[in-house]
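For this one, chain A is given, so just place chain B on it according to the hints.
Residue numbers (the numbering used here), protein chains in the order written: chain A, 1 to 473; chain B, 1001 to 1473.
Simulated from the structure, these hints should not be mistaken for laboratory data.
Treat the numbers as computed from the prediction; the structure is a model and nothing was measured.
All C-beta atoms, glycine included, are put in the ideal place defined by N, C-alpha and C.
Be aware that one or more of the hints could be misleading.
Below are the DSS-like pairs computed for lysine-lysine, each with C-alpha atoms no more than 25 angstroms apart in a straight line [unchecked claim]:
no., chain 1, residue 1, chain 2, residue 2
1, A, 299, A, 71
2, A, 65, A, 173
3, A, 123, B, 1366
4, B, 1173, B, 1193
5, B, 1123, A, 366
6, A, 390, A, 328
Among chain B residues calculated to face chain A with C-beta under 7 angstroms, some are [as the list claims (entries may be wrong)]:
no., residue
7, 1073
8, 1111
9, 1207
10, 1314
11, 1343
12, 1344
13, 1356
14, 1366
15, 1369
16, 1416
17, 1417
18, 1420
There are 2 protein chains.
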Amino acid sequence: MKNLRISFVFIVLFSILSSQTAAQTPEKIVPKWNCDLLITGGTVVTMDKDRRIIEDGAVTITGGKIGLVGKRAAVTKNLKAKKTIDAAGKVIIPGLINTHTHIPMSLFRGIADDLDLQEWLTKYIFPAEGKNVTEDFVRVGTRLGLAEMIRGGTTTYCDMYYFEDAIADETSKAGMRGVLGETILDFPVPDNKTWAEAIAYTEKFVKKWQSNPLITPAVAPHAPYTVSEEHLKEAKGLSDRLNAPLVMHLAEAQTETDFVMENKGMRSIEYIEKIGVLSDKLIAAHVIQANEKELEMLKKHNVGIAHNPQSNMKLAAGVAPVPSMLAKDLRVGLGTDGAASNNDLNLWEEMDTAAKLHKVFSGDPKVVSAEQAFAMATIGGARALHMEDKIGSIENGKFADLIIVDFDDLHQTPYFNFYSHLVYATKAHNVRDVIINGRIVMRDRALLTLNESVIKKDANAYRTKIINSLSSP
Amino acid sequence: MKNLRISFVFIVLFSILSSQTAAQTPEKIVPKWNCDLLITGGTVVTMDKDRRIIEDGAVTITGGKIGLVGKRAAVTKNLKAKKTIDAAGKVIIPGLINTHTHIPMSLFRGIADDLDLQEWLTKYIFPAEGKNVTEDFVRVGTRLGLAEMIRGGTTTYCDMYYFEDAIADETSKAGMRGVLGETILDFPVPDNKTWAEAIAYTEKFVKKWQSNPLITPAVAPHAPYTVSEEHLKEAKGLSDRLNAPLVMHLAEAQTETDFVMENKGMRSIEYIEKIGVLSDKLIAAHVIQANEKELEMLKKHNVGIAHNPQSNMKLAAGVAPVPSMLAKDLRVGLGTDGAASNNDLNLWEEMDTAAKLHKVFSGDPKVVSAEQAFAMATIGGARALHMEDKIGSIENGKFADLIIVDFDDLHQTPYFNFYSHLVYATKAHNVRDVIINGRIVMRDRALLTLNESVIKKDANAYRTKIINSLSSP
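Next comes chain A alone, as it looks inside the complex (with noise of 0.2 angstroms):
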């Protein structure tokens, strides 16, 4: 009844607030609203700031962004929908946030395995990188990582790579939004050969794609130790003067720490913030090596965090100290990092890794709820993009990114919670339908905007040239 009654004082706030038209005629006073999408039935989990579940929900979607958000009774009244889809016994959410990849690298998924970071990056991934990154190679490793993150539930990623540019294309044609930085370094690098080069193209880059609604574009200087502190400093000024993210690992490795305090006389964050990098633009990745006084550094600045539970795990890097982080309510989202050192693009692993991995670190049970997990992967994400007033939950206003969740596959059988459930017992197949920007990017597990036959295809022919490039002196 409460419920009812609050959806019905937001119908009347809506009604004077929105810009969605109330059709009138004379034969029927009663007001007809009109919505592009229509999401009805199935329980929307809003992930708003009452974290509100509403069971026999309903949400719709007009110009990009999200309407009304209630109980279905109480949306659907007089409303006029152009396009339904049936959410019964579903489960509603805001599209998931993937807050760091490297999503070319699709393409090297399981090359080399089960090898120290070093040893990885440098007998492997380096040499595959120089023998096999072009333009055509990013195209078909971002098709391919988009087309698995979109069957995932992912609405929403932030990338660092090479070529950054077809990426945005390739990202903006499949109706994914993203957030995607040029990576600078201070050696040559499949696409631009020296800084200057490479600065040249990433201003270029952000300019081109500013105005794009999906695209945000992002300056991504690698990491403290692989770009020096002039460099850094005019990554962050660019970043300034465009008003575009910083996007950049940081404190990933105790190898790193050491380097800087042999260069700097001070650990990463420390340096970072001392040379006047860390900023509310800033996204920085992993932050593993973080004691509690740098956690108060990148608080004060508004620094987001990807935490990427999986790919430190598998790389031995460390665990980085979330249950800190959300304690002192940090801007925390979740990552999967690139598919060669994960070995997939599946936040719903990463969830359910990051609320057991914290446990049995911390020795506690209670941290790192599943609730706090989701929120990592939804809100959290947003907050860790800067982006928390568009997307992350389904609230009015913001865009549509979301997705509906099946709730009953046999793993999902009997369910108590939804948070629970959602972390715990979900799979990434469970997502049967995508929605971004109000854009319908998959229906019934069917991808809309890309050829997943055609992915494939390409994705394979890439597998023998590197396979043949890896074998070759």
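Only chain B this time, still in chain A's reference frame:
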């Protein structure tokens, strides 16, 4: 060429040793081999001693056992198969072995999470069991768990619960293989109110099922902290007398170690050895609180070990010393534990988690390789159950427990290494066909021995009952 020659020699050798019939007619001098089922094409990951991986392979099955294993061309030459399954483009692997479950607890999936083991057990699990567990509950929960496990390619499981006779009945009817232990402890439980009753039930249960081709009935004293010394010895005596496995939780948590230390003046494994309960019939679940000396004890007595990484993480029980166990060549397999503490029965996630957890916990990315993790879920699990001569690999003469797995899903594209892809990229839903004891129990993802919609309906009826029981005083 060399492979073909080996295969040819194998076939000749086989014609002498095999029990298969060679049909010969006056018209045809070439012998015709018969088999019940031929699986042809695809890559056979045998997990035999040489870890043979046979691309474009084939496997024959006759009388519930594996016959020929080799290259397709060699195996199928002059072969007459009653039934053929085309596995081209797929991977054929040994059925997975889940070494630790409480299968009916699938009905408690997610009733309580993110809690201390003691709080979880005493405030939620024990009351929920006391109010709900009947023989019918056990049957419904078992069918639910069997369906989930078969869907994910599990062909053998080792269980501990109450009403284990009903579990054996459901398992046998579903065509699943099980080592099924009736759980006995010092306080009243749903099926037996006294120790004497429990022992009598167990003896009757073991004798009833011992000749069943799928069921290995077992004696399952719960744990060193819930069963007295006298009763542990009695259970061991019963196991010896009936020649039945002994299944037990062992060295699971610090609280157990403290309890045994306080009462017996030594640690759990030392105590269990001292009272003569360590044996080559024992299957010990968890084994987290184990030092090098204790691991040597387990080795000396040929104890089987069920490692449950996800459950141990979720309950913050600790991390079992698996790299040491593997270095000592202990009999260690993987388990999910009950779905109430995991929250699923998915061995693919256990493999992935095992490989990653031990890397980050030891700081060494080379420990628990993909091949070792895959071995733990197959031949290692067979060794943990003391059944390595019967199951766990695809070899002539073993029971025909094998599964066919898709290898071209988006998250598996491209592939470079079979073990890496099986452990780090493949998911439970990629299992296409499941064969147990030569019988096809899942074909093209359709369960043939269990009715999925009825199972879900029955489970959801219990959901309502459980919720009502927990809200009543």
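Evaluated hints:
Proximity of residue 299 of chain A to residue 71 of chain A is assessed by CA-CA distance (about 37 angstroms); at most 25 angstroms being required, the pair is judged violated. Between the alpha carbons of residue 65 of chain A and residue 173 of chain A the distance comes to roughly 19 angstroms, so the proposed pair stays at or under 25 angstroms and holds. Proposed proximity of residue 123 of chain A and residue 1366 of chain B is supported: the alpha carbons are some 15 angstroms apart, at most 25 angstroms. Pair hint residue 1173 of chain B plus residue 1193 of chain B does not hold up; C-alpha atoms about 28 angstroms apart against a cutoff of 25 angstroms.
For a cut-off of 25 angstroms, the pair hint linking residue 1123 of chain B to residue 366 of chain A stands: about 15 angstroms separates their Cα positions. For the hint linking residue 390 of chain A to residue 328 of chain A, the alpha-carbon distance of about 23 angstroms falls within 25 angstroms, and the restraint holds. Restraint check, residue 1073 of chain B versus chain A: the minimum CB separation of about 23 angstroms is more than 7 angstroms; hint violated. Interface restraint check for residue 1111 of chain B: the shortest CB-CB distance to chain A comes to about 5 angstroms, inside 7 angstroms, so the restraint holds.
For residue 1207 of chain B, the suggested interface contact is broken, since its CB lies about 33 angstroms from the closest CB of chain A, more than 7 angstroms. Interface hint status for residue 1314 of chain B: upheld, as the beta-carbon distance to the closest one in chain A is roughly 5 angstroms, under 7 angstroms. Hint status for residue 1343 of chain B: holds, given a least beta-carbon distance of 4 angstroms to chain A, under 7 angstroms. Look at residue 1344 of chain B: its Cβ gets to within about 5 angstroms of chain A, closer than 7 angstroms, so that hint holds up.
Below 7 angstroms, beta-carbon pairs count as interface contacts, and residue 1356 of chain B has one with chain A at about 4 angstroms; its hint therefore holds. Checking residue 1366 of chain B against chain A by beta carbon gives a least distance of about 6 angstroms; that is within 7 angstroms, so the hint holds. This hint holds: residue 1369 of chain B has a C-beta 4 angstroms from the nearest C-beta of chain A, less than the 7 angstroms allowed. Among the interface hints, the one on residue 1416 of chain B holds; its C-beta lies about 5 angstroms from the nearest C-beta in chain A, closer than the 7 angstroms criterion.
Evaluation of the residue 1417 of chain B hint against chain A yields a held restraint, the C-beta minimum of about 6 angstroms falling below 7 angstroms. Proximity of residue 1420 of chain B to chain A holds as hinted, the smallest CB-CB distance being about 4 angstroms (cut-off 7 angstroms).
This entry does not satisfy hints 1, 4, 7, 9, going by the numbered hints stated previously.
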